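Chemist: Construct the entire structure; sequences and hints are all you get.
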Amino acid sequence: MPDLHACLRERLNAALEHLNLMACSSLPDFGERDLNNVSNTARILVQDVSDVFRVIEHRGFDTPRAA
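If you use our numbering, the sequence shown corresponds to residues 1 to 67, in order.
Worth flagging that the hints you see were computed from the coordinates, not collected in a lab.
Some hints here could point you the wrong way.
Claimed, not checked - The following label-pair restraints were derived from C-beta to C-beta distances:
| id | residue 1 | residue 2 | range |
| --- | --- | --- | --- |
| 1 | E10 | N40 | 12 to 22 Å |
| 2 | P28 | F53 | 35 to 45 Å |
| 3 | V55 | S26 | 34 to 44 Å |
Just so it is clear, the structure is predicted and the values come from calculations on it, not from any experiment.
All C-beta atoms in this analysis are idealised placements derived from N, C-alpha and C, irrespective of residue type, glycine included.
Modeler: This is the structure in structure tokens:
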């Protein structure tokens, strides 16, 4: 689980940095294709985070709990 958590943190931080880049930039600085590439990259990173969360939930629910 610690490896999955580290992966999750890395991907989420990368997505946040990517979105901060977009928030701090003005529209004239980007072309339409640039905006599509940056937003698609952020979407992929968020999808990775979602997938890792799903694995953590699955493993967490399948692990027997100590009494």
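Chemist: Hint compliance check: list the failing hint numbers for this structure, sorted ascending.
Modeler: none
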